[in-house]
Amino acid sequence: MGKVPDQTGLAEGLDPTLPAPAVDDSVREAEERKWTPAKIGLWVAISLLGAVAWFMLALVRGETVNAIWFVFAAVCTYLIGYRFYSKVIERYLLKPDDHRATPAEYKADGKDYVRTDRNVLFGHHFAAIAGAGPLVGPVIAAQMGYLPGTIWIIIGVVLAGAVQDYLVMFFSMRRGGRSLGQMAREELGVIGGTAALVATLLIMIIIVAILALVVVNALGESPWGVFSVGMTIPIALFMGVYLRFIRPGKVMEVSIIGFVLLMAAIIGGGAVAGTEWGAAFFHLDKVTIAWGIIIYGFIAAILPVWLLLAPRDYLSTFMKIGVIVMLALAIIVVRPEITVPAFSEFAGRENGPVFSGALFPFLFVTIACGALSGFHALISSGTTPKLIEKERQTRFIGYGGMLMESFVAIMALVAAISIDRGIYFAMNAPLALTGGTVESAAQWVNSLGLANVNITPDVLAQTAKDVGEESIISRSGGAPTLAVGLAHIMQQFIGGPGMMAFWYHFAIMFEALFILTAVDAGTRVARFMLQDSIGNFIPKFKEASWRPGAWLCTAIMVGAWGAVLLMGVTDPLGGINTLFPLFGIANQLLAAIALAVCLAITAKRGVFKWLWIVAAPLAFAAVVTITASFHKIFSPVPAVGYFANNQAFSKALADGKTEFGTAKTVAAMEAVVRNTMIQGVLSVIFVTLSIIVIVAALIATVRAIRAGGGQDHEDPAVPSKVYAPAGLIPTPAEKKLLAEWNALPAEKRTQKAGHH
Amino acid sequence: MKAVVRGFRGVATYLGSLMGADAYRKYLEHFTSSGHAGPAMTEREFWRDRMDRQDSNPQGRCC
Numbered sequence: 001m002g003k004v005p006d007q008t009g010l011a012e013g014l015d016p017t018l019p020a021p022a023v024d025d026s027v028r029e030a031e032e033r034k035w036t037p038a039k040i041g042l043w044v045a046i047s048l049l050g051a052v053a054w055f056m057l058a059l060v061r062g063e064t065v066n067a068i069w070f071v072f073a074a075v076c077t078y079l080i081g082y083r084f085y086s087k088v089i090e091r092y093l094l095k096p097d098d099h100r101a102t103p104a105e106y107k108a109d110g111k112d113y114v115r116t117d118r119n120v121l122f123g124h125h126f127a128a129i130a131g132a133g134p135l136v137g138p139v140i141a142a143q144m145g146y147l148p149g150t151i152w153i154i155i156g157v158v159l160a161g162a163v164q165d166y167l168v169m170f171f172s173m174r175r176g177g178r179s180l181g182q183m184a185r186e187e188l189g190v191i192g193g194t195a196a197l198v199a200t201l202l203i204m205i206i207i208v209a210i211l212a213l214v215v216v217n218a219l220g221e222s223p224w225g226v227f228s229v230g231m232t233i234p235i236a237l238f239m240g241v242y243l244r245f246i247r248p249g250k251v252m253e254v255s256i257i258g259f260v261l262l263m264a265a266i267i268g269g270g271a272v273a274g275t276e277w278g279a280a281f282f283h284l285d286k287v288t289i290a291w292g293i294i295i296y297g298f299i300a301a302i303l304p305v306w307l308l309l310a311p312r313d314y315l316s317t318f319m320k321i322g323v324i325v326m327l328a329l330a331i332i333v334v335r336p337e338i339t340v341p342a343f344s345e346f347a348g349r350e351n352g353p354v355f356s357g358a359l360f361p362f363l364f365v366t367i368a369c370g371a372l373s374g375f376h377a378l379i380s381s382g383t384t385p386k387l388i389e390k391e392r393q394t395r396f397i398g399y400g401g402m403l404m405e406s407f408v409a410i411m412a413l414v415a416a417i418s419i420d421r422g423i424y425f426a427m428n429a430p431l432a433l434t435g436g437t438v439e440s441a442a443q444w445v446n447s448l449g450l451a452n453v454n455i456t457p458d459v460l461a462q463t464a465k466d467v468g469e470e471s472i473i474s475r476s477g478g479a480p481t482l483a484v485g486l487a488h489i490m491q492q493f494i495g496g497p498g499m500m501a502f503w504y505h506f507a508i509m510f511e512a513l514f515i516l517t518a519v520d521a522g523t524r525v526a527r528f529m530l531q532d533s534i535g536n537f538i539p540k541f542k543e544a545s546w547r548p549g550a551w552l553c554t555a556i557m558v559g560a561w562g563a564v565l566l567m568g569v570t571d572p573l574g575g576i577n578t579l580f581p582l583f584g585i586a587n588q589l590l591a592a593i594a595l596a597v598c599l600a601i602t603a604k605r606g607v608f609k610w611l612w613i614v615a616a617p618l619a620f621a622a623v624v625t626i627t628a629s630f631h632k633i634f635s636p637v638p639a640v641g642y643f644a645n646n647q648a649f650s651k652a653l654a655d656g657k658t659e660f661g662t663a664k665t666v667a668a669m670e671a672v673v674r675n676t677m678i679q680g681v682l683s684v685i686f687v688t689l690s691i692i693v694i695v696a697a698l699i700a701t702v703r704a705i706r707a708g709g710g711q712d713h714e715d716p717a718v719p720s721k722v723y724a725p726a727g728l729i730p731t732p733a734e735k736k737l738l739a740e741w742n743a744l745p746a747e748k749r750t751q752k753a754g755h756h
Numbered sequence: 001m002k003a004v005v006r007g008f009r010g011v012a013t014y015l016g017s018l019m020g021a022d023a024y025r026k027y028l029e030h031f032t033s034s035g036h037a038g039p040a041m042t043e044r045e046f047w048r049d050r051m052d053r054q055d056s057n058p059q060g061r062c063c
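Chains as they are written, first to last, in full-length UniProt numbering: chain A, 1 to 756; chain B, 1 to 63.
Derived by calculation from the structure, the hints in this document are not laboratory data. Treat the hints with care, since some could be wrong.
Claimed, not checked - DEER-style ranges, computed between Cβ atoms:
| # | chain 1 | residue 1 | chain 2 | residue 2 | range |
| --- | --- | --- | --- | --- | --- |
| 1 | A | E29 | B | D49 | 28 to 36 Å |
| 2 | A | N119 | B | S56 | 42 to 50 Å |
| 3 | A | N742 | B | A3 | 18 to 26 Å |
| 4 | A | P730 | B | S56 | 23 to 31 Å |
| 5 | B | R53 | A | V241 | 38 to 46 Å |
| 6 | A | P539 | B | D49 | 21 to 29 Å |
| 7 | A | K87 | B | R53 | 21 to 29 Å |
| 8 | B | A3 | A | S47 | 33 to 41 Å |
| 9 | B | R53 | A | F634 | 43 to 51 Å |
| 10 | A | K664 | B | S56 | 43 to 51 Å |
| 11 | A | N351 | B | R53 | 49 to 57 Å |
| 12 | B | R25 | A | P304 | 20 to 28 Å |
As the list claims (entries may be wrong) - Examples of chain B residues toward chain A, derived with CB under 7 Å:
| # | residue |
| --- | --- |
| 13 | A3 |
| 14 | V4 |
| 15 | F8 |
| 16 | A21 |
| 17 | Y27 |
| 18 | F31 |
| 19 | H36 |
| 20 | P39 |
| 21 | Q54 |
| 22 | D55 |
| 23 | R61 |
Where a beta carbon is used, it is the ideal one built from N, C-alpha and C, also for glycine.
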């Protein structure tokens with residue numbers, strides 16, 4: 001047994017007039033370890049169902065596989081991972097103690113630190129971590145067939161992603177809700193901490209830029225999409241004013257009004273795009289839309305939160321919960337047959353048209369959100385830990401919340417692979433390959449020699465018509481493909497083929513909504529980080545209310561992601577194809593940083609025997625991302641290596657060629673030279689910073705192991721004076737204790753500990 | 001029928017607290033139980049304060 005963090009005085013500090021703030025350890029242990037026949041039967045049934053589902057997905061090679069097996073494989077694996085693996089982490093590694101008050105109790109202020117019902121907080125946390133990421137990555141990764149992505153999403157979340165979220169949330173909670181950056185500085189020292197901060201900032205820029213690129217690709221040359229997504233801005237402004245001046249605090253009311261307006265905007269978009277002026281006015285090319293998003297991003301980030309960000313966040317949360325429940329229902333009811341092979345022809349190659357690079361390591365960076373997402377570490381530290389009611393609830397909220405996101409990723413994968421493979425490749429390959437017309441795209445897809453794929457131009461044209469778009473060729477980025485898949489499934493569930501266009505634009509709308517919220521919030525967070533860093537040299541910058549400083553830092557951040565966005569939009573090689581791996585690498589490097597910090601903390605707690613729980617996902621994330629970065633930096637294959645591509649194009653220019661590969665003009669060739677250089681340099685910076693952080697964490701870990709532990713930076717333990725059960729369903733012992741608390745007079749029950 | 005209404009109410013309440021609609025009620029609860037001096041903020045003041053504090057304390061949203 002390792003050293004348990006300091007608990008002296010905790011038992012004496014408990015209020016004798018109150019019931020216990022925690023279920024007695026021996027009672028809980030006895031309950032957990034007691035296996036009744038019914039309980040055994042249940043887990044045997046879950047395991048068997050899961051095994052059958054995995055067998056159907058992985059080993060049975062029929063013509064088709066039913067989507068329901070994806071749902072069973074995922075849910076059964078999650079249940080087993082949650083019940084057994086996360087329990088091991090709880091019992092041996094984290095050792096939460098409900099006798100200790102959480103920050104929401106001992107720092108309670110009624111505003112930022114508020115004890116929140118566990119089920120509400122679960123939804124709250126889920127809405128904060130899940131966005132467009134899990135909807136996009138799996139779609140792009142479907143290039144390699146369904147099985148590699150499915151395995152990584154389901155196994156990856158159980159052993160890596162959910163572990164990271166759980167650990168970061170727990171450690172942040174023990175530290176009064178400190179952010180990942182602050183924890184890195186405390187645990188890793190100045191060098192490691194600074195490298196972590198700079199890496200985080202750069203990674204945020206890349207992530208925001210590529211999310212914005214997904215929106216641009218979805219809206220380019222789509223009058224309907226531009227109109228309905230554009231309408232979200234006035235709708236949000238209206239909601240903001242309504243909440244501020246007309247009916248303050250009526251959040252549900254305004255969200256419902258906003259939702260109705262949103263539906264009207266989608267339906268109205270179809271009508272507007274159908275008119276001649278509407279089609280002309282809202283038909284924008286990608287560069288124009290990119291500029292629009294950049295200008296919008298700047299304005300949105302300097303406007304007050306209440307006017308635009310907060311109301312859009314309400315809408316986005318509302319849509320998120322609704323869409324996910326609906327999609328799950330639809331997949332279970334419709335149960336589409338999947339014709340995509342388990343491993344596609346591209347699984348063994350590194351020159352796939354959708355994203356380039358070999359299965360290892362690039363599949364594992366292409367699917368980041370849903371399996372392992374470093375960005376979550378920023379959410380799991382900070383907001384959520386300030387709202388947790390009891391320590392034991394972190395397992396349900398942190399680990400369980402991430403399992404839920406993984407499930408979203410699986411459903412996105414199912415929706416995307418339920419469409420014809422020919423359509424999939426026509427939609428996701430760069431324009432330079434498909435040629436942009438239905439004829440050239442169909443010819444190119446058929447020339448790939450894919451099994452059972454024989455697409456006609458008519459099918460491509462008809463699909464575009466069904467979803468209310470002029471064309472679906474080369475709509476890369478994942479969002480449009482998911483929208484077609486979702487429309488395909490949803491119309492079988494509600495509305496029939498006539499509703500396909502509505503469902504398509506509904507899907508585009510919610511993806512754009514999630515992404516714009518992430519862009520806006522990301523810019524703000526990055527701006528504050530920058531202000532804080534500059535503030536170390538010029539103190540004035542630390543004042544958040546100093547307008548010139550805030551505007552300057554916002555402009556720098558928007559300028560940075562805007563430049564990457566424009567680079568992606570104008571890239572002759574197809575922005576998604578080259579940039580998406582960079583997005584995944586950035587996100588996974590952040591995960592490696594977060595896990596490295598957790599490793600150092602765990603070692604300092606003295607729990608060496610179970611260190612592998614953190615070390616294993618850290619090693620995997622580090623190997624995957626560093627290998628991927630090295631491929632991107634050193635690979636001699638131009639399709640994979642940024643510098644190899646740079647040299648190939650430089651040489652072609654030097655030889656006086658006027659077209660090379662997919663670049664048809666000298667200007668395009670120069671753009672490739674420029675872009676690959678920037679992307680290459682970014683990769684070098686990322687991987688260097690991350691290696692510094694990981695090495696710093698390893699040094700801290702080894703030191704702690706040698707010393708038999710280390711200094712912990714936890715807040716002092718405060719005795720708890722409240723009680724709530726740990727998971728979704730209270731156990732009998734929890735129910736009994738809860739009844740004791742409920743029997744207390746109301747004023748004793750709501751008493752806040754440690755307040756005056 | 002009654003059960004349906006109750007279920008619907010439950011979902012609405014859950015969604016409401018998920019989006020933070022009960023923030024003011026919780027603030028008041030905290031305020032009265034912790035025995036602060038002076039009057040509590042009104043609902044309008046509370047929401048203003050809440051939004052304005054978010055300006056200088058942004059919360060990330062994930063991808």
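Hints versus structure:
no.: 1; hint: E29/A to D49/B: 28 to 36 Å; verdict: violated (45 Å)
no.: 2; hint: N119/A to S56/B: 42 to 50 Å; verdict: violated (30 Å)
no.: 3; hint: N742/A to A3/B: 18 to 26 Å; verdict: holds (23 Å)
no.: 4; hint: P730/A to S56/B: 23 to 31 Å; verdict: violated (39 Å)
no.: 5; hint: R53/B to V241/A: 38 to 46 Å; verdict: violated (19 Å)
no.: 6; hint: P539/A to D49/B: 21 to 29 Å; verdict: holds (26 Å)
no.: 7; hint: K87/A to R53/B: 21 to 29 Å; verdict: violated (38 Å)
no.: 8; hint: A3/B to S47/A: 33 to 41 Å; verdict: holds (34 Å)
no.: 9; hint: R53/B to F634/A: 43 to 51 Å; verdict: holds (48 Å)
no.: 10; hint: K664/A to S56/B: 43 to 51 Å; verdict: holds (49 Å)
no.: 11; hint: N351/A to R53/B: 49 to 57 Å; verdict: holds (51 Å)
no.: 12; hint: R25/B to P304/A: 20 to 28 Å; verdict: holds (24 Å)
no.: 13; hint: A3; verdict: violated (20 Å)
no.: 14; hint: V4; verdict: violated (18 Å)
no.: 15; hint: F8; verdict: violated (13 Å)
no.: 16; hint: A21; verdict: holds (4 Å)
no.: 17; hint: Y27; verdict: holds (4 Å)
no.: 18; hint: F31; verdict: holds (6 Å)
no.: 19; hint: H36; verdict: violated (9 Å)
no.: 20; hint: P39; verdict: violated (14 Å)
no.: 21; hint: Q54; verdict: holds (4 Å)
no.: 22; hint: D55; verdict: holds (5 Å)
no.: 23; hint: R61; verdict: holds (4 Å)
Violated hints for the displayed structure, listed by number in ascending order: 1, 2, 4, 5, 7, 13, 14, 15, 19 and 20.
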